[in-house]
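Those protein sequence lines, which keep their order, are chains X and R.
Position one of the first sequence corresponds to residue 1 (the numbering used here), numbered consecutively onward.
Position one of the second sequence corresponds to residue 1001 (the numbering used here), numbered consecutively onward.
Calculated directly from the structure, the hints in this document are not laboratory data.
A virtual CB, placed ideally from N, CA and C, is assigned to each residue, including glycine.
Do not rely on the hints blindly, as some may be mistaken.
Among chain X residues calculated to face chain R with C-beta under 10 Å, some are [what the hints assert, rightly or not]: (1) Ala-117; (2) Val-260; (3) Ala-278; (4) Ser-280; (5) Ser-284; (6) Gln-351.
Chain R side only, calculated, beta carbon under 8 Å to chain X, not exhaustive [said to hold, decoys possible]: (7) Ala-1086; (8) Gly-1170; (9) Arg-1263; (10) Gln-1316; (11) Cys-1346.
Here are some chain X residues the structure puts well away from chain R; computed CB gaps all over 12 Å [said to hold, decoys possible]: (12) Thr-55; (13) Arg-79; (14) Ala-96; (15) Ala-124; (16) Asp-128; (17) Glu-139; (18) Val-146; (19) Pro-160; (20) Ala-180; (21) Gly-225; (22) Gln-243; (23) Gly-251; (24) Ala-323; (25) Ala-366.
Protein chains: 2
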Amino acid sequence: MINRLADLPTPCLILDRDKLERNLAIMSTAVRRHGVALRPHMKTAKSAEVARLATAGEAGGITVSTLAEAEYFAAEGFRDILYAVAIVPAKLDRAAALRRSGVDLEIVTDDPATAAAIAAHASASGADHRVLVEVDCGEHRSGMAVESETLLAVGRALGPLCAGVMTHAGHSYDCRSLAAIEAVAEAERLAAVTAAARLRSIGLAAAVVSVGSTPTALHARSLAGVTETRPGVYMFQDLFQVQIGSGTPEGMAVTVLASVIGRRPAENRFLIDAGAMALSKDRSTAAAPRDFGFGLVLDIDGGRGFGEAVVERANQEHGIVGAPEPLPFDRLAVGTRVRVAPNHVCMTAAQYDRYHVVEGGDEVVAVWDRVNGW
Amino acid sequence: MINRLADLPTPCLILDRDKLERNLAIMSTAVRRHGVALRPHMKTAKSAEVARLATAGEAGGITVSTLAEAEYFAAEGFRDILYAVAIVPAKLDRAAALRRSGVDLEIVTDDPATAAAIAAHASASGADHRVLVEVDCGEHRSGMAVESETLLAVGRALGPLCAGVMTHAGHSYDCRSLAAIEAVAEAERLAAVTAAARLRSIGLAAAVVSVGSTPTALHARSLAGVTETRPGVYMFQDLFQVQIGSGTPEGMAVTVLASVIGRRPAENRFLIDAGAMALSKDRSTAAAPRDFGFGLVLDIDGGRGFGEAVVERANQEHGIVGAPEPLPFDRLAVGTRVRVAPNHVCMTAAQYDRYHVVEGGDEVVAVWDRVNGW
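Chain X with its partners taken away, still in its complex shape (with noise of 0.2 Å):
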C-alpha cells in the first residue's frame, strides 16, 4: 500500500530525499576542492540511512555529538567516528568498549586532568584510546587557547594517545555576510593548524588537524594544514542556513507535517497540531534578518500557499499561525495539512523518533529511524 502525506498522522516529520542529496552533493564538492576530508556530524540527522548517503564516496567516517550516537552509528556498521564533545572520566568505560568492539573512537578534550585520567584508565583497562585536543578558535565555549600553556600540558599528559587537534568555528553562525564567515573560518584553519603545530613542536605525532561547521565548510577560502571538516546541519538545512546564507530555501529537506486543528478568522489565525512539542521551543530567527517565529508554514506540497504565514506561538501540542496578509480560509479546514519548515533542524528532528521519506511527492518511499537521548 502506498502511504502519502495526507495518511500520515500528524504531527510527524518528513524528509525529503532529493533535497536532501542535493545538500549532500554541494557540501562534497566544497570540501573536495580543498582536499581534505568530510567528516559529516551526525548530530543533525542521527540517522543510519542518512550517515550512509552522506559518507557515500568519502572515507572520512563520521562525527557525533553523544556516546548513544557513537554506540547507534557503530551498531549500524560505522567504524571511524569522533565523539566531538569533551568527555569526562566516567564515560570512559563506554569509549573502551566502542574501541575493542573494533570502532575507531576518538574522544575530546581540553583539560589536563581529564588528558591525565584518559591515560591512566588506557594504563589500566589496555583501552587505546585516540584523543584530540580541543582548541578555542574565537567561540568561547570548549577548548583551550592555542598559546596556551595547558595546550602543551594535555598533549604531554596524553603522550601517544594524542591523535591531533580539533576545533568548532561556532560563532559562523553569529555571521551576516560571506566576508565575516570567510574570516571566521581562516580563523579555524590558524587555530587548528597551528595548535598541530604546537603539539608537533613536543614530539607529538598529531596527525588529525579537524575543523567544520556548515557555514566555515562551504565558505572557507583555505583549509591548508586542515586534514578533516565536520559541518552537519548543510545535510537538512533550515530557515536560520538559510537567512546566515548557508543554505537556499528550496534546499530545506526537512519538515513537519500538521494538521489544521481550528480556525480563528476574525482574528485571522489558525492553529495546528504542531506546537513547542513538535516543533521546538528554539528561536533561532530571533536573531536573523527575518525572523520566522517558530517556523515558516508551507502547504503540504511544500509550496508557499500560505504566503508568509508563520508559528507565531508555540504551546505544547498547539501552534498559532498568523500572517500579515488574509490567510485563505477556504482553504483551511479543520483537518487541511500544512508543513513547517523549522528554525533550526537539529532541535526539531530531536522531537521525533523517525523521519517519513520522500522523493519530491507526496508519496512516502521510507521510514529511517533516528537515535535520540545519550
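Starting from the known structure of chain X, arrange chain R on it as the hints suggest.
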C-alpha cells in the same frame, strides 16, 4: 546494587518522589475545598507511575495532550481519559478504537464542521464518542466565544454526543500577582459555566464543566458550577511556576543531572553536558521577574552550592554556566556532577524517555518510563 546519582550516565532526568508527593497533596487539598474533581493533566509527567500517584484517592480520571499518551495510559489501565487538544477527523478512528477497548475517552472540538464529522463518524462506525465543546475564556488560543452562535451550532451538530464544555486559562501564566490569577480563574469559571448553561438551554445535557491550569486551580476563589479541573505542571514545578507564585523553590521535583565537561576560570564559566537537547530551548523565565537563562545550576544534592549560577547559553550538547559571584572551581573538576532546575519542566522532561527516581537523597529507588511523541 544501589545506584546513586554519582553513578548515573549524564545527562539524565531526576525525579524526587518526596517533592512530587508534597506537590500532589497541595493540589489535592486546593481542589477538594471546591468539591470538584481533579483530573490531572499528564502532559507534563507522561508517566503511568506518576499518574497512579496523582490519581490515588481521586476519582476524576486523567487528561492527556496526545493520542499517544491516551493509548499509553489506556495500556497502563487508565479508563477515564480526556484528550484535551482539538480533534481532527483523521484521528477519530484511533479515538474510537480506544473507546471500543473500554476507555471512556472524551475528545474536544470548537468547530462546527468537525462536530458534524464526529457525529457522522459515530453513525457510520457505531463509535459512541463523547465530546466536550471548547470555549475561550480569554487565552485567545483555541475555543470559540462563549456567547457565539457557533457554540450552539457545535452543540446541535453533536447532539447526544455532547458531554459538556471545557476551557483552559493558559493566560494565567501571564499573571504576576495573586489578584490577577484570581481574576483569570473567575473568568475561566464563568466562561465554562455560561457555555454549559447555553448548551443546556437548547436541551443538551452538558454535564461536564471542565476548567484548569495550575495557577487557577491553586488560586481560584470559587469553582461554583465547575465539575472538574485539569492542572498538570503542579506535579513537578519549575523555575517559571515558582516565579509566578504557583510553587516554591523547594517544590521543584525534576532536575537534570549533568557533568562538568569544561572549565573556563578566567571567564568565571564552566561547561556541562546538558545543553539545548538536555534542557530544551525553552526560555520561559525570560518573561518572568527573574531570568534564569536555560536553568538554575544546583549541586548534586540539589542545594545552592553554586549560588546564582545559571546556564547562560545552550548549544546542542554544551551548556555554558556563568554566575555573578566567583564560582568555586576547586569543586568543579571535569566530571563533577551538578543538577539543573528547568525553566519549563514540560519541555525539559520531553527530551527524556525515563525518570531516575530518588526520595530526597542520592539513591535511585526506581526508574519510571515516559511516553513521548504522538
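Hints, verified against the model:
Residue-level restraint check for X:Ala-117 holds (minimum Cβ-Cβ distance to chain R is 8 Å; threshold 10 Å). With a cut of 10 Å, the hint placing X:Val-260 at the interface with chain R holds, because the nearest CB-to-CB distance is about 7 Å. Taken as an interface hint, X:Ala-278 checks out: its beta carbon lies about 8 Å from the nearest beta carbon of chain R, inside 10 Å. The beta carbon of X:Ser-280 comes within 6 Å of a beta carbon in chain R, closer than 10 Å, and the hint placing it at the interface holds.
With a cut of 10 Å, the hint placing X:Ser-284 at the interface with chain R holds, because the nearest CB-to-CB distance is about 9 Å. For X:Gln-351, the shortest C-beta to C-beta distance to chain R is roughly 7 Å, which falls under 10 Å, so the interface hint holds. A hinted interface residue such as R:Ala-1086 counts as satisfied when its beta carbon comes closer than 8 Å to some beta carbon of chain X; here the least separation is about 4 Å, so the hint holds. For R:Gly-1170, the shortest C-beta to C-beta distance to chain X is roughly 7 Å, which falls under 8 Å, so the interface hint holds.
This hint holds: R:Arg-1263 has a C-beta 7 Å from the nearest C-beta of chain X, less than the 8 Å allowed. Evaluation of the R:Gln-1316 hint against chain X yields a held restraint, the C-beta minimum of about 6 Å falling below 8 Å. Interface restraint check for R:Cys-1346: the shortest CB-CB distance to chain X comes to about 6 Å, inside 8 Å, so the restraint holds. No beta-carbon of chain R comes within 12 Å of the beta-carbon of X:Thr-55; the shortest separation is about 20 Å.
Look at X:Arg-79: its CB is around 22 Å from the nearest CB on chain R, clear of 12 Å, so calling it non-interface holds up. With a cut of 12 Å on Cβ distances, X:Ala-96 stays outside the contact zone with chain R, its closest approach being about 15 Å. No Cβ of chain R approaches the Cβ of X:Ala-124 within 12 Å, the least distance being about 16 Å, so the stated non-interface status holds. Against chain R, the non-interface label of X:Asp-128 holds: every CB pair exceeds 12 Å, the least being about 22 Å.
For X:Glu-139, the shortest C-beta to C-beta distance to chain R comes to about 9 Å, within the 12 Å cut-off, and the non-interface label is violated. Chain R leaves X:Val-146 outside its interface by the beta-carbon criterion, the shortest separation being 15 Å against a cut-off of 12 Å. Consistency note on X:Pro-160: stated as away from chain R, and its beta-carbon is indeed over 12 Å from all of that chain's, at 22 Å minimum. At the 12 Å boundary, the C-beta of X:Ala-180 stays outside the reach of chain R, the nearest C-beta of that chain being 20 Å off.
No beta-carbon of chain R comes within 12 Å of the beta-carbon of X:Gly-225; the shortest separation is about 25 Å. Interface exclusion of X:Gln-243 from chain R stands, the closest Cβ pair being 17 Å apart, more than 12 Å. At roughly 21 Å, the least C-beta separation between X:Gly-251 and chain R is larger than 12 Å, which holds for a residue marked as non-interface. Annotated as non-interface, X:Ala-323 keeps its C-beta farther than 12 Å from every C-beta of chain R; the closest such distance is 16 Å.
Once the 12 Å rule is applied to beta carbons, X:Ala-366 is consistent with being away from chain R; the minimum gap is 19 Å.
When each numbered hint is compared with the structure, a violation occurs for hint 17 only.
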